[in-house]
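Visitor: So the chains spell out like this:
6 protein chains.
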Amino acid sequence: MQIKILFMRGDKEWLQEIAEDFTRVDVLNVVTGTPHLEYEFYEHIAIHKLLEHCVKAERDGYDGIALNCFYDPGLREARELVRIPVSAPCESSLHVASMLSAGKFSILIGRRKWMPKMKDNARNYGFESKIASWRILDLTVPEMKDMEKTEAAILREAKAAVEEDMAECIVLGCTGMVRQAERVQKVLGVPVLDPVIMTTKMAEIRALLWKRFGVSHSKVGGYEAPPSDEFTSIFTKFYGFPP
Amino acid sequence: MQIKILFMRGDKEWLQEIAEDFTRVDVLNVVTGTPHLEYEFYEHIAIHKLLEHCVKAERDGYDGIALNCFYDPGLREARELVRIPVSAPCESSLHVASMLSAGKFSILIGRRKWMPKMKDNARNYGFESKIASWRILDLTVPEMKDMEKTEAAILREAKAAVEEDMAECIVLGCTGMVRQAERVQKVLGVPVLDPVIMTTKMAEIRALLWKRFGVSHSKVGGYEAPPSDEFTSIFTKFYGFPP
Amino acid sequence: MQIKILFMRGDKEWLQEIAEDFTRVDVLNVVTGTPHLEYEFYEHIAIHKLLEHCVKAERDGYDGIALNCFYDPGLREARELVRIPVSAPCESSLHVASMLSAGKFSILIGRRKWMPKMKDNARNYGFESKIASWRILDLTVPEMKDMEKTEAAILREAKAAVEEDMAECIVLGCTGMVRQAERVQKVLGVPVLDPVIMTTKMAEIRALLWKRFGVSHSKVGGYEAPPSDEFTSIFTKFYGFPP
Amino acid sequence: MQIKILFMRGDKEWLQEIAEDFTRVDVLNVVTGTPHLEYEFYEHIAIHKLLEHCVKAERDGYDGIALNCFYDPGLREARELVRIPVSAPCESSLHVASMLSAGKFSILIGRRKWMPKMKDNARNYGFESKIASWRILDLTVPEMKDMEKTEAAILREAKAAVEEDMAECIVLGCTGMVRQAERVQKVLGVPVLDPVIMTTKMAEIRALLWKRFGVSHSKVGGYEAPPSDEFTSIFTKFYGFPP
Amino acid sequence: MQIKILFMRGDKEWLQEIAEDFTRVDVLNVVTGTPHLEYEFYEHIAIHKLLEHCVKAERDGYDGIALNCFYDPGLREARELVRIPVSAPCESSLHVASMLSAGKFSILIGRRKWMPKMKDNARNYGFESKIASWRILDLTVPEMKDMEKTEAAILREAKAAVEEDMAECIVLGCTGMVRQAERVQKVLGVPVLDPVIMTTKMAEIRALLWKRFGVSHSKVGGYEAPPSDEFTSIFTKFYGFPP
Amino acid sequence: MQIKILFMRGDKEWLQEIAEDFTRVDVLNVVTGTPHLEYEFYEHIAIHKLLEHCVKAERDGYDGIALNCFYDPGLREARELVRIPVSAPCESSLHVASMLSAGKFSILIGRRKWMPKMKDNARNYGFESKIASWRILDLTVPEMKDMEKTEAAILREAKAAVEEDMAECIVLGCTGMVRQAERVQKVLGVPVLDPVIMTTKMAEIRALLWKRFGVSHSKVGGYEAPPSDEFTSIFTKFYGFPP
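Going down the list, the sequences are from chains A, B, C, D, E and F. Using this note's numbering, the letters of the first sequence correspond one by one to residues 1 to 243. Using this note's numbering, the letters of the second sequence correspond one by one to residues 1 to 243. Using this note's numbering, the letters of the third sequence correspond one by one to residues 1 to 243. Using this note's numbering, the letters of the fourth sequence correspond one by one to residues 1 to 243. Using this note's numbering, the letters of the fifth sequence correspond one by one to residues 1 to 243. Using this note's numbering, the letters of the sixth sequence correspond one by one to residues 1 to 243.
Please note: incorrect hints may appear among the correct ones.
Unchecked claim - Keeping only pairs whose Cα atoms sit at most 30 Å apart, straight-line, the calculated DSSO-like set for lysine-lysine is: (1) F:117 with E:130; (2) F:49 with E:237; (3) F:211 with D:4; (4) B:149 with C:219; (5) A:130 with E:145; (6) D:117 with F:130; (7) A:130 with C:159; (8) F:130 with E:49; (9) E:56 with E:219; (10) F:117 with F:145; (11) D:237 with C:117; (12) F:159 with C:130; (13) E:145 with F:237; (14) C:145 with C:186; (15) C:145 with B:159; (16) E:219 with A:149; (17) F:117 with F:130; (18) B:219 with B:130; (19) F:49 with E:117.
Just so you know, these hints were derived from the structure itself, not from any lab.
Just chain A, same shape as in the assembly (with noise of 0.2 Å):
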């Protein structure tokens, strides 16, 4: 069976590595008109653009999308919007320490100003119980270009949450940290887990229970979709062209 998943934005060359045979990645490099995502502005910019795409995407008969940022932007409303599985690197990470650690684990972010919505977003998936601690690069997503700095940040963080926090695995919590976790996994001795991974490994499964099985997201309750006429005329009038 194939599968194929839009990716919003991302490397397609590395995406298609890390995902298997069976998976076609496509990836939008969607022009949002903000420089990142640290800002709740900027995100909620970035959300209209990012639904617009995964409407488009259910059209165009992907088995699933893959949302790239750790905030996890619109992953609520493209739910509600789309009947395929939508993957998130918060949620998905979080699931997958979830099994790694017989206790808790750490999440490594890049400033403060993330914390709070991103521990909302945590709790709100049910995960507040299963972390050991956030702990704090002080790196902007830019300055993680800088691989080098960036990993001797991580490093010293996830030392400090295995030792002192007593976590059992570390998430590195931005998409910003991406292709760091093996290094950092062997100096440690704990799993490290790189957020695009989880989402890609994610997104795979969610898309084939979906294919195979007619399992995703629910539609009663917090998914629901807009009526169908009032929907398409709103869309319309937003994006110019009909869901």
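On the provided structure of chain A, position chains B, C, D, E and F as indicated by the hints.
Guide: Quick look at chains B, C, D, E and F alone, frame taken from chain A:
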């Protein structure tokens, strides 16, 4: 001391009436392009306009902003962008209800669809342990314009909340249930909170704390604003004028 | 609209100054026979006098009562006996602090002794998940009369709370720390809450809700009053005059 | 080893019967001036007398004190003032019920009025997650003197708790329901706890731990006593004799 | 990439069918000596055999192990002894259900007896806040072999969960309810999760993460294995051959 | 009244000394084949023997069983199989510690490995909110035989718990720390609990409640025993004699 509060939506005459003498109420019945805010997607769209007006409101010298939908749409984003106090119906009502109840209180909402997100909001505000129940009227926002039908549904569910769920106070969890509290309170004999009145009073207290004592939401942490230059450029690009 | 609020203890002049123009402040500096309220036993003794005056205040036409110790002594008992709103420093401050913090806030208290009961109060009010830390100044209430020493201790612990515990807002958790908030707030750059100002503002809003909209604490459930005849007889026996 | 326990209220003969041979029971049927303790105000008044007798009990060489109302009135205050163990019905019963239940247990109380405070107590003791339900008999304490009517109400609510709320054990949540447990337990087939028996057993174990191993409640933190001189002077002023 | 997963119990043909093409399924229908695992004692006995085979499985080059009872028996012990991923029905199903529900989900189990331990497991996995209800079919595991009767019971309780408990997704909480999900899902219109399918998919993703990225459960903390020599000697003593 | 309690492991002479005069202590120093119980696997093996002896103990007329490892191994299984009370060190100590602390208490354990499972146990018993910290001595059970080294480690961590974590009481979280409590308590000035003494006292109270009032753990729900015939056959198969 005089204060000026800008309401996002509402009936100006009534709002001025429930406000205190020292408060000048202005209302912005923004055309958001959606008939109501029952869906995440509609909420998302409305927030776009709302943020524009929050930034303007601060520039125009308002002492506070009052949102006017029980989802508290844009509360977090608005607090990120401005320093003046931003108040919202769900948050305001739950704070008052907590002070009025030795035990727990119940919240009446229109449809099941709304529950998960509103519960997440209530939990994030810290009120999970104070809520006896969420009860559903099975009415959409447009249907709530039928005041009699809505009152009957409120009475039915509020009575059940008091008698079966041990609620000591009732929160009307939709600004569509406005102006119903007084009659229902008389019938039931427990406090019944109109979310718009609660928002108004909380907005007034917050405006006074800000104007007289310099106390508003913290700009350290989750409500930290984007860097000024970056923000100016992005805001201007999206709204067509500088913030 | 004019409202009349009775404060249990306090500096009348200053209270009138922080109150709004429409508020008439009266203060009852009751002689309780204890030098302070740091101990449960002293608190118990003070409550005896306090309840007498709460019942009188309602009879005398006050629109609200404001307690004046961060233990919120007698809050539950007073709300049982009267219908008019009763406000208290810890409850009021924690509600405001919650609205000001995207994440969590910290509370500074004088001595370790106070912590368990205050934590129980905070948890019962519903705020457990919003508190970053409780920090101890190691000062008794009498020692807090030394304003400079107290300010230094507040600054030291508040700074640590903001930097180490990720607090976004500081609550001064003793009415002995009164009139310190403004200066500390300027130094720290996060909101710092004076518990007496918070009580005053909350008492004002509560009085307005009561006088204009008939909204006060629920008399169904935990705040149910004793049967009138029984109460009259018992009250008279203990206080020497009928309620 | 012989131990001496002072009960605050109770039927001495029965208490001596349920106590072990090594325990000498004394009972102080203090005249508190209130017919029962259903209201906070009455409880407050009773605590005044109760504290006097706790202090005396320690001076008189008792090895433990047992309170005798399910509100556990004065428990915190008494532990502050004395070093000898103080036991109480709600606390004792909930500890035993927790050990008897793989899942959860239910608590039967007389009136809705009692619920919020008792729930706060149970939460502060740490038992929130072990309670299946609180169920109300709709009986005042005086009405519970009708043993048959009370038994019928207990059976009705206990059965519902076991079958509907999945309770595995029942706590009789009022010392007015005394001597009912044995019969009800036979009918229901789950453990039914008499709060006075539980208090007695817990008081005995606590007295033994104190007398033989020097283990009683901590005097560091919340149960720290007032400074000796200050306390002596205040106690003497209120009770007319030194502590 | 090919992976090999060893199932502890199950129908090999069906398991191979629900597995992906890249997965080779082996099944070990161990004779444990108990007819089912409804009791702690039976579970304890079964774990003895199960641990033997987990250790062998790792030695034999399997890429993962899948347990096959909703109690997740031996999950913790197995993860202590091996490095390869171990997946289990309850844990796997609850993770998927969480991602499918904006609000909460319900779990159907066979008998009341099972509830306390399964609830403890669910709480320890971190899912307490995501569960709407546990509902009981009143069927033993052997009785579930009657597929029609079981389907009727599932439909009855699942419908009640969706309508009364606000469940957005249903977890079939016993591997005895296998192969029922598809039909029930069609009738109810919400996702219904077969625990064996969920375990299979989670085992596959975990095996891929392990084989390709070296990510498995942490061996620092709770899953730390016994010292090699000590373990070899004890294992050999109990199983008659070295690990 | 005389009671007979069977201890699973322990020093009979000392146990008889800490027991009361009315208690006859028997000890079963079962050869389990593992040097200690620090690993899940060892615990699992030990439980096998332990269950055999619990069933025998009931048949032999014991009034109670006392487990003797802080993991409380087999507690749930034993309660399923017998009606007589079963007490255990962690459960017993945490109940007593809760009653001794106005605030929170700390638990000292030997190694990090133990923490996740012990935390799960403590949470399942209901004590999560009462625990200030878990502190690690970095000592294995065998190393604890060096009483001086162990005492030094206890003192170091207990002092830190009291001063830094605000613990009001200390629980020695390993039966390997036995007979250390008295000295440490004298140095620290807060209650320090020996887990074996706590188990003994709790076993005595539980035996008295059972023998005199017929109160033991509930057999409805989680501790329901297997059907008699089925159990007899399985037990006989595994232990070689009928239960």
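Visitor: Could you run down the list of hints and mark each one as holding or not?
Guide: So, going through the hints one by one against the coordinates:
no.: 1; hint: F:117 with E:130; result: holds, 22 Å
no.: 2; hint: F:49 with E:237; result: holds, 15 Å
no.: 3; hint: F:211 with D:4; result: holds, 23 Å
no.: 4; hint: B:149 with C:219; result: holds, 28 Å
no.: 5; hint: A:130 with E:145; result: violated, 37 Å
no.: 6; hint: D:117 with F:130; result: holds, 19 Å
no.: 7; hint: A:130 with C:159; result: holds, 29 Å
no.: 8; hint: F:130 with E:49; result: violated, 38 Å
no.: 9; hint: E:56 with E:219; result: holds, 19 Å
no.: 10; hint: F:117 with F:145; result: holds, 23 Å
no.: 11; hint: D:237 with C:117; result: holds, 26 Å
no.: 12; hint: F:159 with C:130; result: holds, 28 Å
no.: 13; hint: E:145 with F:237; result: holds, 26 Å
no.: 14; hint: C:145 with C:186; result: holds, 21 Å
no.: 15; hint: C:145 with B:159; result: violated, 51 Å
no.: 16; hint: E:219 with A:149; result: holds, 28 Å
no.: 17; hint: F:117 with F:130; result: holds, 17 Å
no.: 18; hint: B:219 with B:130; result: holds, 28 Å
no.: 19; hint: F:49 with E:117; result: holds, 22 Å
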